[in-house]
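Participant: Residues per chain are reported as follows:
Number of protein chains: 4
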Amino acid sequence: MLKLGVVGYGYWGPNIVRNFSSQPGCRVVAICDKNPRVFAQALSRHPGVRATSNPDEVMSAPDIDAVAVVTPVSTHYDLTKKALERGKHVFVEKPFTGTSAQAEELIELADRKNLQIMVDHTFLFNGAVRKIKELVDGGVLGPLYYYDSTRVNLGLFQHDVNVIWDLAPHDLAIIDYLIGLDPELVVATGGAHLNGMADMAYITLCFPNNILAHLNVNWLSPVKMRTTLVGGERKMLVWNDLEPSEKVKVYDKGVQITEAHDESRQRLKDLIEAKVFEVGSGPAIHDLLVSYRSGDMWAPRVDQTEALQLEARYFLDCVASGEKPFNDGRAGLRVVKMLEAADESLKRRREIVYAPSR
Amino acid sequence: MLKLGVVGYGYWGPNIVRNFSSQPGCRVVAICDKNPRVFAQALSRHPGVRATSNPDEVMSAPDIDAVAVVTPVSTHYDLTKKALERGKHVFVEKPFTGTSAQAEELIELADRKNLQIMVDHTFLFNGAVRKIKELVDGGVLGPLYYYDSTRVNLGLFQHDVNVIWDLAPHDLAIIDYLIGLDPELVVATGGAHLNGMADMAYITLCFPNNILAHLNVNWLSPVKMRTTLVGGERKMLVWNDLEPSEKVKVYDKGVQITEAHDESRQRLKDLIEAKVFEVGSGPAIHDLLVSYRSGDMWAPRVDQTEALQLEARYFLDCVASGEKPFNDGRAGLRVVKMLEAADESLKRRREIVYAPSR
Amino acid sequence: MLKLGVVGYGYWGPNIVRNFSSQPGCRVVAICDKNPRVFAQALSRHPGVRATSNPDEVMSAPDIDAVAVVTPVSTHYDLTKKALERGKHVFVEKPFTGTSAQAEELIELADRKNLQIMVDHTFLFNGAVRKIKELVDGGVLGPLYYYDSTRVNLGLFQHDVNVIWDLAPHDLAIIDYLIGLDPELVVATGGAHLNGMADMAYITLCFPNNILAHLNVNWLSPVKMRTTLVGGERKMLVWNDLEPSEKVKVYDKGVQITEAHDESRQRLKDLIEAKVFEVGSGPAIHDLLVSYRSGDMWAPRVDQTEALQLEARYFLDCVASGEKPFNDGRAGLRVVKMLEAADESLKRRREIVYAPSR
Amino acid sequence: MLKLGVVGYGYWGPNIVRNFSSQPGCRVVAICDKNPRVFAQALSRHPGVRATSNPDEVMSAPDIDAVAVVTPVSTHYDLTKKALERGKHVFVEKPFTGTSAQAEELIELADRKNLQIMVDHTFLFNGAVRKIKELVDGGVLGPLYYYDSTRVNLGLFQHDVNVIWDLAPHDLAIIDYLIGLDPELVVATGGAHLNGMADMAYITLCFPNNILAHLNVNWLSPVKMRTTLVGGERKMLVWNDLEPSEKVKVYDKGVQITEAHDESRQRLKDLIEAKVFEVGSGPAIHDLLVSYRSGDMWAPRVDQTEALQLEARYFLDCVASGEKPFNDGRAGLRVVKMLEAADESLKRRREIVYAPSR
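Chains as they are written, first to last, in the numbering used here: chain H, 1 to 358; chain S, 1 to 358; chain V, 1 to 358; chain B, 1 to 358.
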C-alpha cells in the first residue's frame with residue numbers, strides 16, 4: 001500500500017487525487033494547499049484525508065511514501081527537493097522545473113537516494129498518442145519527415161510563465177517520446193501583446209535525420225485548435241484531439257521521387273540549362289520526377305481510458321519494481337532544455353543550438 | 001478596345017483568357033505557348049485568336065496593347081522587359097520576378113515608358129480578403145495583433161521553385177495589403193525531404209506596432225488546409241477558404257488587462273516577490289489582471305464573384321485611366337523582397353532584417 | 001428549506017442529487033435505489049443522506065417535502081401517485097408516464113391536493129433551446145415553417161421502451177414549448193431489427209398554421225448526430241448540440257414569392273397552359289415567381305449554465321410560490337399523448353389524428 | 001460513330017453535350033432549345049453543331065442515331081415517344097416520365113422497335129455510390145438494415161414539380177440499385193409553405209427483409225446537406241457527398257443481441273413480469289441482451305471520375321452491343337412508381353401499398 005501526499009489542490013490537483021485514490025494499492029493520506037477554501041471540498045470528497053496548508057507537514061510525515069507536486073512550476077524545485085531529501089518518491093507536474101540546472105540537481109539527488117521521479121507528461125498516456133507511438137515504432141509511417149502541432153485557444157493566461165512554458169511542454173514531451181533524439185537547433189519567434197510576456201509563439205526544432213518539428217502555441221486565438229500533422233515517408237497522419245471520435249486519421253498518401261532513368265534525368269538537366277521549357281510547359285517536365293500516391297484513409301480505434309489513470313498505475317508499478325519510468329526526471333529535463341532554448345531564441349531573436357543531454 | 005496577348009497557356013492561362021475575353025472593352029487576340037498540344041484546345045474555344053509558339057510574335061505585334069505573362073517565374077523578367085520595351089502594358093503572374101533587382105529594373109522601365117504593370121495577386125480580389133480588408137480598415141478588429149496562415153496540401157511540387165516561392169506569395173501579398181507596413185524581421189525555418197528543395201517552411205514576419213505574421217506552407221501534408229487567423233485587440237476572425245459558405249467568421253472575443261487599482265497591482269507585485277502564493281493559488285491572482293470577453297460570432301456574407309474577373313476589370317480600368325493599381329510592380333517587389341528574405345533566412349538559419357522599400 | 005427524497009440512483013440520479021444539493025434552500029435527505037451497490041458511492045459523496053432500497057420509506061417520511069422520481073417510465077405512475085397521496089411535491093423524469101390516462105389521473109390528484117408536479121424536460125432549460133425560444137417569441141425567425149430534428153447514435157438500447165419513448169421526448173417537449181399548439185396529425189414509420197422493439201423511427205407532426213415537425217430517432221446510427229433545423233419565413237437556424245461552441249447559427253436566408261405584377265402572373269399562366277416553354281427554358285419563368293435571400297450568418301452566444309441547475313432552482317421557486325411551472329404535468333401529458341400517437345401510428349401503419357388536450 | 005441530337009440546352013444540357021462530345025465514337029450533331037439566347041454560346045463552344053429551336057428537326061433528321069432528352073419532365077413522354085417512333089435510341093433525364101403509364105408505354109414501344117432507353121440517373125455512376133454498391137454486394141455491410149438520406153438546401157424551386165419529384169429521384173434510383181427490391185409500402189408527409197406545391201417532404205419506404213429507407217428532401221433549409229447513412233448488420237457507413245475527400249466512411253460498429261443463456265432470458269422475463277427491477281436497476285438487465293461493437297473507421301478511396309462521363313460511355317456501349325442497361329426504362333419506371341406513391345401518400349395523408357413492377 002503506497003501512501004501519497006498531494007501538494008497543491010488547484011485546477012489539476014483534484015484529478016490527481018481522484019486517479020490515485022482509485023488505484024488498488026494506493027491511498028491518498030494528505031492534501032496540502034495554501035488556499036483554505038479548497039479544503040472543505042477536498043475533505044467532503046475524501047473523508048479520511050488529512051488537510052494542511054503547510055507543505056512541510058506533508059514532506060515530514062513518516063507515513064507518507066510518495067508526494068505529488070501539483071503546484072506552479074516556480075515551486076517545483078523546492079518542493080521536490082524537500083520530498084526527495086526526506087526519502088519520498090515524487091510525481092511532479094510538467095514542466096519539471098524552471099531551469100535545467102534545477103532538474104539536473106534533482107535527478108542526481110533522486111539517483112543518490114534511489115528514489116523515483118516521474119514527471120506528469122499526461123499526454124504520453126493518452127490513447128491517441130499511444131496509438132501514434134505504435135504506428136511510428138511499427139514502421140507504419142516509415143521514416144519520419146515532420147511533426148507539426150497547432151495548440152491555440154483564448155487564454156488561459158498564466159501569471160508566472162509565458163505561452164511557451166504553458167502550452168509547449170505537451171508537444172515537446174510527445175516529440176521527445178516519438179522521435180527519441182535531441183534537437184540540433186531550436187528557433188522560436190513570438191509576440192507579447194498584453195503584459196510583456198509572450199502570448200503567442202512559433203517554435204521550430206530541427207532533429208537529426210532531417211526530422212522537423214514545429215509548434216504553434218497561442219493564447220490569443222478566437223478558436224480552440226488541437227491539430228497535429230505527422231508526416232512520414234510511407235504514410236501521414238492527422239491527430240485532432242478535439243474530435244469526439246476518429247481522433248487519429250492515417251492517410252495512405254505520399255510523394256516520391258520517381259526513379260527516372262538516367263536519360264530522363266539528363267534530359268531534365270539539359271532542359272533546365274537550356275531554359276527551353278520556360279513558357280507554360282512545366283507540368284510535363286515535373287511529371288518526370290515526382291509521383292503522388294493517394295489511397296484509403298483509416299481511423300484506428302483509440303483507447304479512451306483516462307490518461308492519468310494509466311499514468312497513476314504506472315507510477316505505482318515503477319515505485320514497486322524500482323524500474324525507471326520512461327517519463328522520468330531525465331525526460332523532464334530534456335523538455336526543460338527545449339523550453340529554455342526556445343525562450344533564449346525568442347529573447348535573442350535567433351536560433352539556438354541545443355546541447356544534447358542523454 | 002484593349003487588345004491582349006497571352007503568353008503561357010498552361011494551368012492558369014485558360015483562366016486568364018476566359019476572364020479577359022468576357023470583359024467588355026477587351027479582346028484576346030493572341031495566345032502563345034511552347035507546347036503545340038495546347039493550341040488545338042485554345043483555338044477551338046477561342047476561334048478568332050492567333051496562336052504561336054514564339055513569344056516575340058506577341059511582343060512585336062503592333063495590334064497588341066497589353067501582354068499577360070502567365071509563365072514560370074524564371075521567365076517573368078525577360079518577357080516583361082520585352083513587352084515593356086515594345087510599349088505594352090503588362091499583367092504578370094505572381095511572384096513578380098525571381099529577384100528584387102529584376103523587379104526594380106522593370107518598375108523603373110515601366111515608369112519611364114509610362115506603362116502599367118499589374119502583378120496578378122488574385123487573392124487580393126477574393127471576396128473573403130476584401131471583406132477582411134474592410135473589417136481591418138473599418139476598425140472592427142481594432143489594432144492588429146497577428147496574421148497566422150496555414151496553407152498546406154499534398155504537392156504540387158514545382159520544378160523550379162521551393163515551397164516558399166510557390167505558396168507564400170498569396171499570404172505575403174495579403175499581409176502587405178492588410179498591414180501596409182514593411183516587416184522589420186523575417187525568420188524562416190524549413191525542411192527538404194525529397195529533392196533538396198524546401199518542401200515545407202515556417203515563416204515569421206515581425207512588423208512595426210508589434211504586429212506578427214506567420215505562414216505555415218507545406219507540400220507534404222496529408223490534408224489540404226487553408227486556414228488563417230487574424231487577431232485584433234477588439235475582435236478576431238478565422239478565414240477558412242475551404243468552407244463552401246461562412247468563409248469568414250468574426251468572433252467577439254478578446255482579452256484585456258484589467259485596469260486594476262494601484263493597490264491591486266502593488267499587492268500582486270508583493271505577492272510575486274514574496275512567493276507566498278506558490279502553492280495552488282494561482283487563479284485568484286491571475287483574476288486581478290486579465291479578463292476575457294466571449295460574445296457572439298458573426299459570419300458576414302462574402303461576395304462570390306470570381307476574383308480574376310474583378311482583377312481583369314481593374315486592369316482594364318487602370319490602363320484606361322492611367323491610375324496606378326494597388327497591386328502594381330512596387331507591391332510585387334515588396335512580396336519578392338519578403339520571399340528573398342525568407343529564402344536567405346532559411347539558408348543562413350537565422351533571422352533576416354528586411355530592408356524596407358516603399 | 002425544502003427537503004428532497006430521490007428515488008432511483010442509476011444513470012441520471014447522481015445529477016439530480018448534485019444539482020438539488022447545490023441549491024440554497026434545498027437539502028437532499030434520502031436516496032433510494034434497489035441496487036445496493038450504488039449506495040456506498042452515494043453515501044460517500046453525500047455523507048448525511050439516508051439511504052434505502054425501499055421507496056415507501058421515502059414516500060412516508062414526514063421530514064420530506066418533495067420527491068424526485070428518477071426511475072424507468074413504467075414505475076413513474078405508481079411512485080408519483082404514492083408521493084402525491086402523502087402530500088409531497090413531485091419532480092419526475094420524462095416521459096411523465098407510460099399512458100396519458102395515468103398522466104391525467106396524476107394531474108387531477110396533484111390539483112386536488114394543491115401539489116406541484118414538474119416533469120424533467122431538462123432540454124427546456126438548455127441555453128441553446130432558451131435562445132431559440134427567445135428568437136421565435138421575439139419574431140426574429142418570423143412565422144414558423146418547420147422544426148426538423150435528427151437525434152441518432154449507436155444505442156443505448158432500453159429494455160423497456162422503444163426508440164420513440166427513449167429519444168423523442170426531448171424534441172417533443174421542445175416543439176411543444178416553441179410552437180405552443182397541439183398537432184393535428186401524427187404519422188410515424190420505423191423499423192425493428194433486433195429484438196422486436198422499434199430501434200429507429202421517423203415521426204411527422206402537422207400543426208395548425210401549416211407548421212411541420214419531423215423527428216429522426218435512431219439507435220442504429222454509426223455516428224452521433226444532434227442537429228435541428230428550424231425554418232421561419234424571415235430567418236432559419238441550425239442548432240447543432242454537438243458543436244462545442246456556436247451551437248445555434250441563425251441564417252439570414254429565405255425564399256419569397258415575388259410580388260409579380262398581374263401581367264406577369266397572367267403571362268406565366270398563359271405560358272404554362274400553352275406549354276410553350278417546355279424545352280429547356282424553365283429558369284426564366286421561374287425567376288418571375290421566387291426570389292432567394294442570402295445574407296450574413298450569426299451565432300449568438302449561448303448560456304452554458306448546466307440546464308439541470310436552472311431547472312432545480314425553478315422547481316424550488318415554483319414550490320415556494322405555488323406558481324404552476326410551464327413544464328408541469330399538463331406539459332408532460334402533451335408529450336405522452338404525442339408519444340402514444342406515434343406508437344399507435346407505427347403499429348397501425350397510418351396517420352393518427354391527435355386529440356388536443358390543453 | 002454514333003450521332004447524337006440533344007434536345008434542351010438549359011442547366012444540364014451543356015454537361016450532356018460536353019461529356020458525349022468527348023467520347024470516342026460519338027459526335028453531337030444537333031442541339032435544340034426554345035431559347036435563342038443559348039444558341040450563340042452552344043455554337044461558339046461546338047462550332048460544327050446544327051442548332052434549332054424545333055425539336056422535330058432533331059427527331060426527323062436522318063443522320064441522327066440517338067437523342068438526349070434534357071428538358072423538364074412534363075415533356076419527356078412526348079419527346080421520347082417521337083424519338084423512338086423515328087427509330088432513335090433515347091437518353092432521357094430523370095425522372096423518366098410524369099406518370100408510370102407513360103413510362104410503360106415508352107418501354108413497350110422501345111422493346112417493339114428494338115431501341116435502347118437509358119434514364120439519366122447520374123448518381124449511379126458516381127464514385128461514392130459505386131463504392132457503396134461494391135460494399136453492399138460484397139457483403140461487407142452484412143444484411144441491410146436501412147438507408148437514410150438527408151438532401152436539403154435552399155431552393156432551387158421548380159416551376160412544374162414539387163420537391164419530391166425534384167430531389168427524391170436521386171435517392172430512389174440509388175435505393176433501387178442497392179436494394180434491388182420493390183418497396184411494400186410508401187409513406188410521405190410534407191408541407192407547402194409558399195406556392196401550394198410541397199417544398200419539403202419526408203418519405204419512408206418499407207422493403208422486404210425488414211429494410212427501411214427514408215428520404216428527407218427540403219427546399220427551405222438554410223444549409224446544404226447531402227448525408228446518407230446506410231446501416232447493415234455487420235457494418236454501417238456514412239456517405240457525405242459534400243466532403244471534398246473521405247466521402248464514404250465505413251464504421252466497424254454494430255449492435256447485436258447477445259446469445260444469452262436460456263436461464264438469463266428466463267430470468268429477464270421473470271424480472272420484467274415481477275417488475276422487481278423498476279427502481280434504477282435497468283443497466284444490469286439491459287447488459288444481458290445487447291452488446292455493442294466499436295472498432296476502426298475506414299474511408300476507402302473513391303474514384304473521382306465525372307459520373308456523366310462514365311454514363312455516356314456506358315450508353316454508347318449499350319447501343320453498340322444491344323445489351324439492356326441497368327438504368328433502362330424499367331429502372332426509370334420503378335423510380336416513377338415510387339414518386340407517384342409518395343405523391344399519392346402525401347395527398348391522401350396515408351401510406352400507399354406499392355405495386356411491384358419488375
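It is worth saying that the hints were derived from the structure and are not from the lab.
Note that the structure is a prediction, hence the values are computed from the model and not measured.
All C-beta atoms, glycine included, are put in the ideal place defined by N, C-alpha and C.
Hints should not be assumed to be uniformly reliable.
If you want the ones that stay clear, here's a sample from chain H, every Cβ over 12 Å from chain B, calculated [stated by the list, open to error]: (1) Tyr77; (2) Val250; (3) Asp296.
Result set (DSSO-like, lysine-lysine): computed pairs, CA atoms no more than 30 Å apart in a straight line [to be verified]: (4) Lys324/V - Lys131/S; (5) Lys224/H - Lys133/S; (6) Lys131/V - Lys347/V.
Participant: Return the numbers of the hints above that this structure violates; sort them in rising order.
Facilitator: 2, 3, 4, 6
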